[in-house]
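The sequence shown begins at 96 in our numbering and counts up one residue at a time.
Hints in this document: simulated from the structure, not taken from any laboratory. Among the hints, a few may not be true.
[Claimed, not checked] Within a straight-line C-alpha distance of at most 20 Å, the following computed DMTMM-like cross-link-like pairs (lysine to aspartate or glutamate) qualify: (1) K229 with D172; (2) K247 with D264; (3) K229 with E170; (4) K229 with E164.
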Amino acid sequence: MIGVLGKLSVRTSELFDSVVAVVLHRHRPLGHVRRWRNPLVYRPLVDLSTMEERYLIITYRFDRATIQELCTQLEPDLMSAIRHPTGIIPQVQVLSVLHFLASGSFQTTVAMASGMSQPMFSNVLSRVLSTLLKHMQSYIVFPQVEDLPTVKGDFYALGHIPNIIGAIDGTHVALVTPT
96 MIGVLGKLSV RTSELFDSVV AVVLHRHRPL GHVRRWRNPL VYRPLVDLST MEERYLIITY
156 RFDRATIQEL CTQLEPDLMS AIRHPTGIIP QVQVLSVLHF LASGSFQTTV AMASGMSQPM
216 FSNVLSRVLS TLLKHMQSYI VFPQVEDLPT VKGDFYALGH IPNIIGAIDG THVALVTPT
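Using the sequences provided together with the hints, build the complete structure.
Given below as structure tokens:
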């Protein structure tokens, strides 16, 4: 079938396509930019079994055995927080929080390295820290009074600094006054 538009003959299907294009163009709001939804991309998450021991100590400040023990102890509390199949497994939650605490980096950076969004990491951080607080007495133990001489002696043998009864891990940052 051929229709006539002015002096120009056009196939009916081409005419229909042209009319539809004009109508769609006129009904689009000014300044509207069509945005296509990005497909979901699942980035690989951190995996304890594939990491070298040296990398674990540098990144998380713990060896593999300690991290596995920590994950095992915290897993029951962290598993109860997973409500849907795309939830973050406890091992990834613990590793990402340890990385955040060890590096002092931003949540966004650690979240990207762990394969999750910053809001998701913020929730994971809160959940893991709350769970760690429940188990704090298992990990942070102050020496008993009768053990103090032995602890002082062990620390003196290690670094020749007298009267040390405990240590924490941290980073010293030199503060410089603004000029």
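Going through the hints against the structure:
1. K229 with D172: holds, 10 Å
2. K247 with D264: holds, 18 Å
3. K229 with E170: At roughly 13 Å apart (the allowed maximum being 20 Å), E170 and K229 satisfy the hint.
4. K229 with E164: holds, 16 Å
Hint violations for this structure: none, all hints satisfied.
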